[in-house]
Amino acid sequence: WLLEKSRCDINPDLFRPLRPSSKARAVMSSPLHTVKTQFGSKEDLVKKLMPLLERDEDESQADFYDRLMHVSNRKLLRLHERETTIRERFESREGLVDQIVTMRSPEGKPDANLRTKLLGLSTGRLLSMHWGLERAAKR
Numbered sequence: 001w002l003l004e005k006s007r008c009d010i011n012p013d014l015f016r017p018l019r020p021s022s023k024a025r026a027v028m029s030s031p032l033h034t035v036k037t038q039f040g041s042k043e044d045l046v047k048k049l050m051p052l053l054e055r056d057e058d059e060s061q062a063d064f065y066d067r068l069m070h071v072s073n074r075k076l077l078r079l080h081e082r083e084t085t086i087r088e089r090f091e092s093r094e095g096l097v098d099q100i101v102t103m104r105s106p107e108g109k110p111d112a113n114l115r116t117k118l119l120g121l122s123t124g125r126l127l128s129m130h131w132g133l134e135r136a137a138k139r
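Using our numbering, read the sequence shown as starting at 1 and increasing by one per residue.
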C-alpha cells in the first residue's frame, strides 16, 4: 500500500524530527566556559579563592596555589560558591557552626562538645546540616 502512493501523498508531519531543533534547546555551558566568563581565567579564580580557603600550616602560598591549579574547574566553581555563601550569610565558618549549635539546642543550653565536633566537619557538610535544620524548623 505504501509503495503505491507517490512521495507527494505522504504527510510530512509524520516525519518530523524527534528532537527539538538545536536553536530551541537551552545551552548548558561547560565549567571552563563558566570560569572564563565569570572570572576571566582559572588563575584569576584561584587567586580569588585562595584567601577564602584554609591551607595547611606547613604549606607555602606557592604550593597552595599550585595545588589549587591542579583542581578541576567544576570543583573550583563549587568551592567558590560555597565559600562566598558562607561569607555572605554567616561571615565565617565559626559563625555557621554557632548558628547550627543554637538551632540544635533551642532551649538555650549549647553543648560545647557539639561545637568542637562540628568544627571538625567539612564546610559542605556544615552547610548541608544547616539547610536541613532550616527546613525542619519551617515544618
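Among the clues, some could well be false.
[Claimed, not checked] Estimated spans, in silico, between C-beta atoms of each pair:
hint	residue 1	residue 2	range
1	132	110	14 to 22 Å
2	31	139	17 to 25 Å
3	72	114	30 to 38 Å
4	107	72	27 to 35 Å
Bear in mind the hints are in silico, worked out from the structure with no lab data behind them.
Every residue, glycine too, gets a C-beta built ideally from N, C-alpha and C.
How the hints compare with the structure:
Between residue 132 and residue 110 the beta carbon distance is about 19 Å. The supplied range of 14 to 22 Å therefore holds. A hinted range of 17 to 25 Å is violated for the C-beta pair residue 31 and residue 139, which are about 35 Å apart. As the Cβ distance of residue 72 to residue 114 is approximately 34 Å, the hint placing it in 30 to 38 Å holds. The hinted window of 27 to 35 Å between residue 107 and residue 72 is violated, with their beta carbons roughly 44 Å apart.
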